[in-house]
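Trainee: Listed here are the chains, written in short residue letters.
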Amino acid sequence: MSASASSSANTPSIPDVVIRLAGNSQDGIQAIGGFLARLAGRSDQEVMTYMTIPSTISGGPSIFQVRMGSGEILSAGDRADVLVAFYQHSYENHRASLRPGGVLLYDSDHVTPNPDDKEITAVGIPMTSATVEAVGGSSKEKGKNIYVLGLLTRMFDLDVPKLTQLIKERFGGKSEDIIRNALLAFDAGYAYPAEQLRYRLEKSTVAPGGRPQVTTDGNTALAYGLIAAGVRHGAAYPITPWSSIMETLRTELPKYGGLFVQCEDEIAAISTALGFSYGGNLAITGSSGPGLSLKMEALGWATMAEMPLIVINVQRGGPSTGMPTNIEQSDLMQAIYGSHGDAPRVVLAPKNVEDCFYLAMEAARIAREYSTPVIILSDQAIATRIEAFDEPDLPKLMVNLKPDTRPRDADYKSYPLDRITHHAPPGSLMASGKYPTVTGLEHDELGHPSASPAMHMKMMAKRREKIQALAAILPAPELAGDQSGEVLLIGWGCTYGPLREAMGRLRAAGAKVGHLQMRHLNPFSPGLAQTFNRYKHILVVEINDQGLYGYGQLATLLRATFCNPAIESITKTDGLTYKVSEIVEHVAKKIGLADTSIGMRKQSVLAMPVRN
Amino acid sequence: MSASASSSANTPSIPDVVIRLAGNSQDGIQAIGGFLARLAGRSDQEVMTYMTIPSTISGGPSIFQVRMGSGEILSAGDRADVLVAFYQHSYENHRASLRPGGVLLYDSDHVTPNPDDKEITAVGIPMTSATVEAVGGSSKEKGKNIYVLGLLTRMFDLDVPKLTQLIKERFGGKSEDIIRNALLAFDAGYAYPAEQLRYRLEKSTVAPGGRPQVTTDGNTALAYGLIAAGVRHGAAYPITPWSSIMETLRTELPKYGGLFVQCEDEIAAISTALGFSYGGNLAITGSSGPGLSLKMEALGWATMAEMPLIVINVQRGGPSTGMPTNIEQSDLMQAIYGSHGDAPRVVLAPKNVEDCFYLAMEAARIAREYSTPVIILSDQAIATRIEAFDEPDLPKLMVNLKPDTRPRDADYKSYPLDRITHHAPPGSLMASGKYPTVTGLEHDELGHPSASPAMHMKMMAKRREKIQALAAILPAPELAGDQSGEVLLIGWGCTYGPLREAMGRLRAAGAKVGHLQMRHLNPFSPGLAQTFNRYKHILVVEINDQGLYGYGQLATLLRATFCNPAIESITKTDGLTYKVSEIVEHVAKKIGLADTSIGMRKQSVLAMPVRN
Amino acid sequence: MSSSTVSPAPSLPPEASAKAGAPLTKKALTSDHPTWCPGCGDFAVLASFYKVLEKLQYKQENIVCFGGIGCSSRLPYFVNTYGGHYIHGRVLPFTVGITLGRDDLHVFAFGGDGDGFSIGGNHLVHTARKNPRMTYVIMDNSVYGLTKKQTSPTSPLGFKSKTDPWGALDQPINPMRTLINSGATFVARSHATQVNHMVEMMHKAALHDGFSVVEILSECVEFNDGAFDSSIPRKGGTWSTIELKKNDGSPEDAARHDPTDELAAFKLALEPWPGKFGLFYENKTRPTKNAVEQKLIANTREKTKNASDLELLSKTFARMR
Amino acid sequence: MSSSTVSPAPSLPPEASAKAGAPLTKKALTSDHPTWCPGCGDFAVLASFYKVLEKLQYKQENIVCFGGIGCSSRLPYFVNTYGGHYIHGRVLPFTVGITLGRDDLHVFAFGGDGDGFSIGGNHLVHTARKNPRMTYVIMDNSVYGLTKKQTSPTSPLGFKSKTDPWGALDQPINPMRTLINSGATFVARSHATQVNHMVEMMHKAALHDGFSVVEILSECVEFNDGAFDSSIPRKGGTWSTIELKKNDGSPEDAARHDPTDELAAFKLALEPWPGKFGLFYENKTRPTKNAVEQKLIANTREKTKNASDLELLSKTFARMR
Ligand SMILES: Cc1ncc(C[n+]2csc(CCOP(=O)(O)OP(=O)(O)O)c2C)c(N)n1
Ligand SMILES: Cc1ncc(C[n+]2csc(CCOP(=O)(O)OP(=O)(O)O)c2C)c(N)n1
Ligand code: SF4
Ligand code: SF4
Ligand SMILES: [Mg+2]
Ligand SMILES: [Mg+2]
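Protein chains in written order, with this note's numbering: chain A, 1 to 612; chain B, 1001 to 1612; chain C, 2001 to 2321; chain D, 3001 to 3321.
The hints are simulated quantities; they were obtained by calculation from the structure and are not laboratory data.
Heads up, some of the hints might be wrong.
Unchecked claim - Think about it this way: if two alpha-carbon atoms lie no more than 25 angstroms apart in a straight line, the pair counts; the simulated PhoX-like pairs of lysine-lysine are: (1) A:Lys434 / C:Lys2026; (2) C:Lys2284 / C:Lys2315; (3) A:Lys458 / B:Lys1462.
To be verified - Residues of chain B placed beyond 10 angstroms of chain D at every Cβ, according to the derived structure: (4) Asp1177; (5) Ala1454; (6) Ser1484; (7) Ala1566.
We put the CB at the ideal spot given by N, CA and C, even for glycine.
Working from the sequences, and respecting the hints, build out all of it.
Mentor: Below, the structure written as structure tokens:
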């Protein structure tokens, strides 16, 4: 390790750092990660986190990784600069994730590293005993995580007042003792003498948006996006990783005069949500994989009855119960085609945590304007990771919705063939004296059942054409990088960051590469065919299976739609988010790029020569 | 009308005839149609029927159409030669279906036809009063249908002994009175003096298969195909038009020592069926549209656990409750992609009634050999129509299945990575002393849950590769007509007959046209890409919606797989089977064929000059 | 509910209010012509329901009628109010969403024995334990009518159907027992041949502040002809109604039924077929889900000091800084 | 069943038969190490189940254990017999297929309160009315454990969970009442802190010829700590078991419980929390679905004069000529 200065003038300055905390799920490593992430947010720095959840019930090994710093941070980092290892297994399982020149901070009460390993700097600190000593009494090693937070704060010269403020906020509801103990642990970690470990994180180069940054995870952003959109009603059944959205809404909606119902199963849940919507209260239901499979029949009703509804699927590893705590993007086909019959509906996917907020608002708007169910396909990675972004401009954005029970004119029809359906909720007086019927049977313009062949054709067209009308006015997805060239990288959902970074590295290596993250998956935005024609290879990168014919799910849809043989797939099903390097290597192989390491940080920043 | 001879030597001989019976659903017109169809079968004639079911509960207008004669009969006929009209509404709604020169037989007790209509021959017969007179007593006009059967028997010189035998068989279980009344009505109809109406159906030109013909509908053929395949267990919940399969199996299986369970809903049904399969008893469940949507979660489990299972979907008009008594082919995408996660499974579609029998057998074989769920996509048209075909060679075909509980060697694994899974059912002794686990969680080779990224990748591949292995050995679909040329017509399910006839008419008009009916929809048979390359246009004809991008469901899949822009769609959603002329006109427009009427029978055969 | 400060208010149906000069008549309420088979018991249920609405005189636009799937579930098509047809077996959770989201409406759900006790059985139980303010009418014909004669969960042992040509083999459920056990706060039983009784039961049910269920034996003349003759006097059956306690201290009163006594209701339900008709059980004290959730909202709003939506959400985001 | 000629035979579990020289031991039955949280009540249920199997000495390869989804539903992984893990709430219809298809097996289903009473509630009722020969063990911790603390259908009013931070608002179900009403022919209640009692109840359940259910209060130490203390003597609670009638004519016997008396069982179920433990209800006379269907098969086979499959199917096709 080359950095050595101890005075602040000589402290090496680094653009960003990747810290991996490895322990067991009970150790509160999520908490340290959360503090660091929120601190970054409050310091106008960029931040992204990544965590694993043990699939066993009683805890088990768990990690939390946080990347923070200046510049645009798009992924949580393929490899780490700092590894904090609480146990021997943490050390052994995660040593390889450390970049050469990186720093291993290990709990010398529990870990014995390999003494011959000279590639990294290993620093042993008696985290457990030091914590017990600092805090004393009954709480024992419980503050170990806060001790480590203190250590890292000193190491990267982080903002102490802000952090202690965060600690106080976090433990605010609890007893004074708890806050005091936490601060004792923090101070002890901060005071640990390791003068060789001193860095300074560069200030953000991203122009601050003029708005303060907020730091949160994708599920929270989705929930509050719905609230901002005016959604006040919902119903669901718990399932990982969906549950936290319903927990947030169940707790929050009553504050807004709304209501969230926990139902006996997912079928009851979507039914109750549809009942809310029918009553004029645009509603939301959601689940993860298995729960979505149960909603398919009722979702078909929503299409047939033309009932607005928002459905969230926080995707996890499938099929069946699959890998409940892992990431996968394998529910796209089901989102579009899972119900029997031709049942067109809208499918959207957020590209990151911030987008969860805005896409939730868009979903609500589309559901209302087009009287259609809208499925939001989030995923386990976006749901659980923490990012910092500009606080939304709420006064501008917030929507106020109420059932529209104004009287309707005598020519009111619930299913007019020449207009998009907008239901009159009960309570609306009908000048005609005839009250409308809503049904999952094929029906005429007044909603009365009809088995007329001609009517079925017309109503099928009506339901299709409104979605086509929506398609026509969708914004084209943002095309980054080269606007034409060798490779167009396409992704959806959580692959946004790694793809954008991969694009950067490939361009740095001389390839002409563009990147397009698709947020509108059904219907597609206009103009894609033309964009595709400008590239030699269109590589669709997804976390799902290659399918019987070699194509992932979005790739299959794009090929069917555009019949462009340049569309190919990069897929994987290991339950983990893409590393930038995985993508770069795939693309390099495809286009015969020899040196894929350009732009890749091989050595840890911590090992770099002093730059100022 | 030109035919006039009354002596049998001068009786005009006709190749085939289309008779449409129109009345109300209580009139027993299905029964007349059924008798005619079965008579044709017993006379080694070809036959095909078509019927509508009223969508109201308390009956209503209904038709039954039967086409019988020599030569290959592939569809029930676009237009009729004879229309039997019981009521004024029957006459008014169906007059247009009669070809010029055709014969209208109307019940003069109820119908007054337009006296100015000279295009057809209208013959009034007091069907109601004649029946009452013939039968007398309490049964009143109940025998009207049998009276009409007698009329038609005389008119087309049908086999009286065979028909009276059929009548006796049909009413066999009932009282002697009923049989006597039926025969009285039959004789009265037969005796009706209408000497101008005499024809003779030509003997079949199709070489008899050496086996007697049987006559039945698609649902029955499916049920007995399963029994021939050795399937002895099943579970389901009623829904139209699926129910008759479960009713047949519930009644028949106990005779074979088997068992069919009526469950509380479709989820319980597939679960019980999977329990049977797990016990080593290959089982079947089924439903129609809405019920299939409910089975999606459990179907995913079947893929993950690699459990053999047969699932029948008798498709009807969708989405949602849709058009329950109409035909649609809109559940294909759901069959393949309806479950969350990447859950590959096999999807087959019978092309006609006979094929129902053989495809059921194939489905059972695939399910067992590949330990996979197999979905059979039948449809309302095939399910309810009657066809005649060679009796299957049962001694050769029948399969005997028993749970295979032989002891398993010490190296037994339920999910070996190097072989296809074949479960050991409970009762099989394990030499290893370790008993296997079956689960919907991702698992290792022994079936124990695993969240290992590498294992998930491998098991995903295992489940995919076995389906790919099946694909490799599937027979290529039979390619009829021109083996290369302008147009390849592709269809699946009930469109087989109309497509084959349309191909004939188009070729007669000079176009180079081939036809390929796909029975294996997931995975596809090998060699399709090469076949497709030999045609300028590949037109996929389906009874479903054109989708957001202009393609029906099979067309979408073929385009995605082969990226061949020549693949286009012909679709419709009127809830009715294709008429040959609809297809011919579409294709003619596509390839600029002017005269599409070549090969089309414009005049009724009944109006043609005497040929011998 | 330890932190509650607002006390739970009853969620009584909004005051019945006739439109000035336009009383709600059968004529106004009549919609499509029913598609049932001639003689079907459901006609009488419909006729009685019209009468109930005429009695209640709710605003027409505030009435909602929904059905599941089945012959009986089609009833809402024939009533000119808001309403429709949901999917098979799920009409209860759907109508729960309507009533909980709109306290100003009068919500009625309709269905058959298959819809309610087979595929929908679980929703019945969980709806009942929530006790939403709404009325559910089950037309029990002890058969699957619309799908043409399969065994239903109320078909008696030995009933010959297309799925049990030799007679039903599985023990049927006892609807009254099932309903009482579910926790429904109003449980009554009636018969499609007894219009006045049906009207009385449905009327009481509609006025009940909670989840009220009326099960009506309604003959399927097509597929279960004569099923309920044993309770039709003109067919030689006995029509036996439940006499309710008057609490008049009279000796006869001891033998009368106290509908608030769950165990007594359960015992009544165990009486042999065809059993009694009338009000089996009623609980007027359990608060409705409507009231409980409204109270939660009121308590929560009180804590937020009635902050505006914007203020609330802004505060939340401020905490995420 | 009017045409029955073969009389219904009991479908008793196949004779327990130890393998020569290799008695079924806990060691042989132990599989993967349980992944439950230390202290979870389910450990004791597992230990008791081992003991039951040791007592029964069924052939190891003829035992099948299946779970739904939930912490408790994972129990089958830890038992070295045939078995596994189905989907959430549907383990009963799945195991119904196993037992009806294979009369030689001993089938056990396991699940939690969410799995069994929430999403799976309807399957419980319809399985019970079929009365298949099998045993169902419900580990009730009154919370959703695996998904980390949401309100379950047995969570008491006021229980604070992630979905009811202010305390549960919906009336919980009463499991014993629900089970008795379902028509299950054996209904017992036990407690994970009482190993001997659990063993006794599960053992009796396994020997019952029909659908037997044992509900076990099994504490979730992670998310519902102390929930069942009121029935744990060493935590100051009362452990009160049901004394069964001995029919010895003694005066004490009058006060004892007759488990064949449904109304008495129902009354017992209404006792206030924590109530009694033991056998609530037992019906030894209702034939099992296994027996009823076997009888149907036997009757039908008799009518076909035991024709071979080929003969039968050939005849059918001959009729279609
Ligand atoms: C998911 C689903 N399964 C099955 C059906 C078919 N189905 C329609 S109505 C019905 C049952 C009808 O019985 P019931 O509810 O008693 O009503 P009834 O017709 O007797 O009034 C069934 C099984 C369906 N529409 N949807
Ligand atoms: C269809 C479906 N919905 C939801 C879930 C998520 N889920 C898994 S277990 C469970 C409930 C667990 O509670 P319980 O059955 O009481 O078992 P416990 O963990 O408490 O033993 C839920 C909701 C799922 N796996 N599948
Ligand atoms: S089938 Fe039965 S329930 Fe349905 S309408 Fe006809 S009589 Fe009524
Ligand atoms: S979460 Fe609760 S039920 Fe699950 S294993 Fe832990 S203690 Fe047991
Ligand atoms: Mg019914
Ligand atoms: Mg639980």
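Trainee: Would B:Ala1566 pass as off the interface with chain D, using Cβ distances and a cut of 10 angstroms?
Mentor: Given a closest Cβ separation of 43 angstroms, the condition holds.
Trainee: Run the C-beta distances from B:Ser1484 to all of chain D and say if the shortest one exceeds 10 angstroms.
Mentor: Since the minimum Cβ distance to chain D is about 40 angstroms, B:Ser1484 lies beyond 10 angstroms and the statement holds.
Trainee: Is it the case that B:Asp1177 keeps its Cβ farther than 10 angstroms from each residue Cβ in chain D?
Mentor: 23 angstroms, holds
Trainee: Is B:Ala1454 truly not at the interface, in the sense that its beta carbon sits beyond 10 angstroms from all beta carbons of chain D?
Mentor: Answer for B:Ala1454: holds, closest chain D Cβ roughly 19 angstroms.
Trainee: Taken at face value, is the distance from the CA of B:Lys1462 to the CA of A:Lys458 at most 25 angstroms?
Mentor: 44 angstroms, violated
Trainee: With the threshold set at 25 angstroms, check whether the alpha-carbon distance from A:Lys434 to C:Lys2026 stays at or below it.
Mentor: 13 angstroms, holds
Trainee: Check the hint pairing C:Lys2284 with C:Lys2315 against an upper bound of 25 angstroms on the C-alpha distance.
Mentor: Distance of about 41 angstroms is beyond 25 angstroms: violated.
Hint compliance for this structure: hints 2, 3 are not met, and every other hint is.
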